[in-house]
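K.L.:
Here's the letter readout for the chains.
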Amino acid sequence: MTAPTFLQLNLSDETFEVKSYEELVPGVGGLGWALPLFEKFLSEDPIVFAVGPLSAVFPGASKTVAVFRSPQTHGLVTSFAGGQLARFLRAAGYQGMVVVGRAARPTFVSVDEGRINFSDASPFLGLDTPKAFERILSSITGVPGRQSILVSGPAAERGLVFSPLYLDEFFSFPRGGLGRAFAQKNLKGISMSGKKGEQIPNARRYGEVFTALVKSLKGYSELSELGTLRNLTTEKKLSAVVTNNLTEFNFVAEELLAPKFARGLGAKRVACGGCPVGCIHLLRQEKRFTFYDYDGVVALGPFLGLSSAGEVGRLLERVWELGLDPTSLGVILAYITEKEKLEFGSLETYLTLTEALFAGKEGWAKDLYSGLSSSPTALTLGGMEFLPYFNGYASVLSQVLQLGATTEENRGFWLDLDLLGKEIDSSDIVSRLINAEEKKTLAQLLIGCGYLADTFEDPATAFAALEALGQGFSHERLLGAAKETLRLKVKIQRSLGFRPKNVRIPERFFQTPSPQGLLKKEKLAEMVRIYSKKIYEPTN
Amino acid sequence: MLKILKPTRMERCTGCGLCELVASRITKKKLSYSDSFLQIRKTSAGQPFFKAVIDYGQKTGYSEVGSICPEDCYDVEE
Numbered sequence: 000m001t002a003p004t005f006l007q008l009n010l011s012d013e014t015f016e017v018k019s020y021e022e023l024v025p026g027v028g029g030l031g032w033a034l035p036l037f038e039k040f041l042s043e044d045p046i047v048f049a050v051g052p053l054s055a056v057f058p059g060a061s062k063t064v065a066v067f068r069s070p071q072t073h074g075l076v077t078s079f080a081g082g083q084l085a086r087f088l089r090a091a092g093y094q095g096m097v098v099v100g101r102a103a104r105p106t107f108v109s110v111d112e113g114r115i116n117f118s119d120a121s122p123f124l125g126l127d128t129p130k131a132f133e134r135i136l137s138s139i140t141g142v143p144g145r146q147s148i149l150v151s152g153p154a155a156e157r158g159l160v161f162s163p164l165y166l167d168e169f170f171s172f173p174r175g176g177l178g179r180a181f182a183q184k185n186l187k188g189i190s191m192s193g194k195k196g197e198q199i200p201n202a203r204r205y206g207e208v209f210t211a212l213v214k215s216l217k218g219y220s221e222l223s224e225l226g227t228l229r230n231l232t233t234e235k236k237l238s239a240v241v242t243n244n245l246t247e248f249n250f251v252a253e254e255l256l257a258p259k260f261a262r263g264l265g266a267k268r269v270a271c272g273g274c275p276v277g278c279i280h281l282l283r284q285e286k287r288f289t290f291y292d293y294d295g296v297v298a299l300g301p302f303l304g305l306s307s308a309g310e311v312g313r314l315l316e317r318v319w320e321l322g323l324d325p326t327s328l329g330v331i332l333a334y335i336t337e338k339e340k341l342e343f344g345s346l347e348t349y350l351t352l353t354e355a356l357f358a359g360k361e362g363w364a365k366d367l368y369s370g371l372s373s374s375p376t377a378l379t380l381g382g383m384e385f386l387p388y389f390n391g392y393a394s395v396l397s398q399v400l401q402l403g404a405t406t407e408e409n410r411g412f413w414l415d416l417d418l419l420g421k422e423i424d425s426s427d428i429v430s431r432l433i434n435a436e437e438k439k440t441l442a443q444l445l446i447g448c449g450y451l452a453d454t455f456e457d458p459a460t461a462f463a464a465l466e467a468l469g470q471g472f473s474h475e476r477l478l479g480a481a482k483e484t485l486r487l488k489v490k491i492q493r494s495l496g497f498r499p500k501n502v503r504i505p506e507r508f509f510q511t512p513s514p515q516g517l518l519k520k521e522k523l524a525e526m527v528r529i530y531s532k533k534i535y536e537p538t539n
Numbered sequence: 000m001l002k003i004l005k006p007t008r009m010e011r012c013t014g015c016g017l018c019e020l021v022a023s024r025i026t027k028k029k030l031s032y033s034d035s036f037l038q039i040r041k042t043s044a045g046q047p048f049f050k051a052v053i054d055y056g057q058k059t060g061y062s063e064v065g066s067i068c069p070e071d072c073y074d075v076e077e
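Just so you know, the protein sequences line up as chains V and W, in that order.
Read in numbering that gives the first Met the number 0, the first sequence has 346 at position 347, and its numbers run on one by one without any break.
Read in numbering that gives the first Met the number 0, the second sequence has 44 at position 45, and its numbers run on one by one without any break.
Rather than coming from a laboratory, the hints here were simulated on the basis of the structure.
Keep in mind that a hint or two might mislead.
Said to hold, decoys possible - As a list, the in silico BS3-like pairs of lysine-lysine whose alpha-carbon atoms are at most 27 Å apart:
| no. | chain 1 | residue 1 | chain 2 | residue 2 |
| --- | --- | --- | --- | --- |
| 1 | V | Lys217 | V | Lys18 |
| 2 | V | Lys519 | W | Lys50 |
| 3 | V | Lys519 | W | Lys58 |
| 4 | V | Lys194 | W | Lys50 |
| 5 | V | Lys194 | W | Lys41 |
| 6 | V | Lys267 | W | Lys50 |
| 7 | W | Lys50 | V | Lys214 |
| 8 | V | Lys533 | V | Lys520 |
| 9 | W | Lys5 | W | Lys29 |
| 10 | V | Lys194 | W | Lys58 |
Unchecked claim - Derived list of chain W stretches under chain V, where covered just means 3 residues or more per stretch with a C-beta under 8 Å from a C-beta of chain V:
| no. | region |
| --- | --- |
| 11 | 22–30 |
| 12 | 36–42 |
Cβ atoms here follow ideal geometry from the backbone N, Cα and C, with glycine treated the same way.
My request is simple: use the sequences and hints to build the entire structure.
P.N.:
Set out below in structure tokens:
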């Protein structure tokens with residue numbers, strides 16, 4: 000196997016280096032490359048992006064992982080995004096990128112294979128996110144759609160720590176504040192382009208695996224048609240949709256369910272590079288297209304008591320313009336609404352609060368720039384706003400342990416569904432969650448989409464695809480690499496000061512019914528203890 | 000009769016680019032999104048619509064390129 004090549008950008012002195020890492024070969028790819036590089040450059044506050052060996056050359060292997068220290072939690076965050084970044088990183092000749100240092104001026108970096116240009120980003124500052132994309136696209140050379148563009152929004156510039164990084168207009172690196180991490184480096188954005196191709200080591204085998212993957216991905220037609228918002232229907236059936244800052248449950252207006260939402264507002268679907276599923280759904284408000292997903296709709300809809308698709312659409316659009324994270328914002332708005340005894344379910348209230356929060360002129364708003372406090376009604380888990388649905392122990396535990404800040408990454412979400420109606424002891428839940436995490440990590444080496452887990456968590460698929468590319472990893476080596484990567488993730492979490500037993504779990508999680516009944520505080524604490532003792536503390 | 004690839008339903012295109020990947024593999028024996036007779040481009044910034052730019056100076060009528068499209072955007076016609 001060829002050593003992966005990374006582009007290293009040093010913003011402090013506007014220099015770059017291209018470096019191949021032989022020592023990363025056993026890590027397979029993706030997270031298995033990004034974590035060791037993050038650790039290697041830790042003292043330089045790195046942001047590491049990585050693709051995997053299958054990225055952009057096999058259907059569905061479309062994601063890029065970003066590993067960084069969160070401005071919000073100050074701990075390790077892994078965030079996954081699709082768009083066209085994986086494809087153009089590879090076409091530029093890189094398996095990833097390491098960004099270190101802090102620029103002296105607002106900076107935009109253009110990468111076209113070996114041609115790297117650091118330029119003044121001042122003209123792009125202060126613009127709404129969609130406008131920033133338009134301005135950047137009109138200022139760079141090349142035709143639209145033949146490059147990938149990363150941009151932080153205006154909220155990141157203003158200092159809101161939970162601001163995500165957007166890419167290719169309709170995609171994002173969600174949760175943990177990668178947009179803010181860019182802004183802290185005075186980095187407004189990056190464009191990536193290239194035209195490189197690669198020879199196929201085993202063309203016959205490649206064709207077989209390619210065809211098998213296309214066939215397998217045709218099984219995701221529901222995801223394609225409804226997008227990730229299809230999850231809301233499942234959650235509604237289970238009475239797991241919570242509202243009004245987790246004070247009530249079983250609230251979902253019919254028009255927020257995926258088929259009706261899409262019929263009412265849905266206008267178009269787009270796909271990540273190389274993915275035939277195309278699960279990114281866009282809504283159209285006046286002249287602008289805005290993307291939506293399950294996490295965003297549930298946070299800005301049911302959790303705030305909003306039941307109109309049009310109202311949720313308006314809020315989503317404004318959030319995207321301001322460059323905010325919809326999941327984080329939904330939980331924050333719910334907290335303010337309860338604290339200030341405002342009325343849940345009022346769009347005008349939420350739009351006003353969002354503008355005031357963004358402006359940061361008043362003390363309460365400025366305080367929230369750094370995220371929610373430890374107030375009993377501030378629903379955070381592991382330093383981040385919780386995913387606003389309530390399936391049971393495993394989905395909460397996964398967030399407490401910082402193993403899944405999006406539904407795509409939160410394996411507890413699915414595990415809880417498997418556990419419904421079963422009496423499972425604490426130790427078993429922890430074991431099942433770790434087992435699911437190891438399988439997830441295998442897919443994150445490759446890097447397959449988390450929503451296509453059934454395909455990419457299968458070692459046989461991984462083995463066959465890697466073999467076609469001339470990379471002979473045995474099943475055992477693949478599984479070993481996944482375990483080692485998870486171990487390294489935990490080790491870095493630990494070195495950055497994260498301690499599961501210290502995570503505050505708001506009392507409200509034990510007062511609102513879940514599909515598994517009322518969660519017991521002691522049982523959840525026992526799970527955290529078991530994880531700490533068996534997994535976390537032995538990791539050095 | 001010469002067959003050609005015609006992008007007849009591009010309003011459906013999601014921009015996945017699998018057609019480019021397959022076209023490169025068939026014609027150049029390479030894994031590439033750029034090195035073939037076919038390129039998918041955005042119609043304009045801010046719009047989720049795409050167009051296919053096809054070099055009809057080369058042979059284009061490959062059924063595999065048309066059939067890989069998950070949205071059935073292409074026809075291969077004589």
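K.L.:
Does each hint fit the structure? Answer for all of them.
P.N.:
Now the hints, each set against the structure:
Proposed proximity of Lys217(V) and Lys18(V) is contradicted: the alpha carbons are some 38 Å apart, above 27 Å. Between Lys519(V) and Lys50(W) the alpha-carbon distance is near 55 Å, which puts this suggested pair outside the 27 Å criterion. Restraint check for Lys519(V) and Lys58(W): the C-alpha separation of about 67 Å exceeds 27 Å, so the hint is violated. Between the alpha carbons of Lys194(V) and Lys50(W) the distance comes to roughly 19 Å, so the proposed pair stays at or under 27 Å and holds.
With a C-alpha separation of about 17 Å, the suggested pairing of Lys194(V) with Lys41(W) holds against the 27 Å cut-off. Note on Lys267(V) and Lys50(W): the hinted pairing holds, with a Cα-Cα distance of about 15 Å set against a maximum of 27 Å. Taking the CA atoms of Lys50(W) and Lys214(V), the gap is about 25 Å. The hint holds against a cut of 27 Å. With a C-alpha separation of about 20 Å, the suggested pair Lys533(V) and Lys520(V) falls inside the 27 Å cut-off, and the hint holds.
Of the supplied pair hints, the one linking Lys5(W) and Lys29(W) holds, its CA atoms being roughly 23 Å apart against a limit of 27 Å. Between Lys194(V) and Lys58(W) the CA atoms are separated by roughly 21 Å; this keeps the pair inside 27 Å, and the hint holds. Evaluation of the coverage hint for the region 22–30 of chain W: fulfilled, as 6 residues show C-beta separations to chain V shorter than 8 Å, against a requirement of three. Remark: the region 36–42 of chain W is confirmed as covered by chain V, as 5 of its residues place a Cβ nearer than 8 Å to a Cβ of that chain, reaching the required three.
Of the hints listed earlier, those the structure fails to meet are numbers 1, 2 and 3, in rising order.
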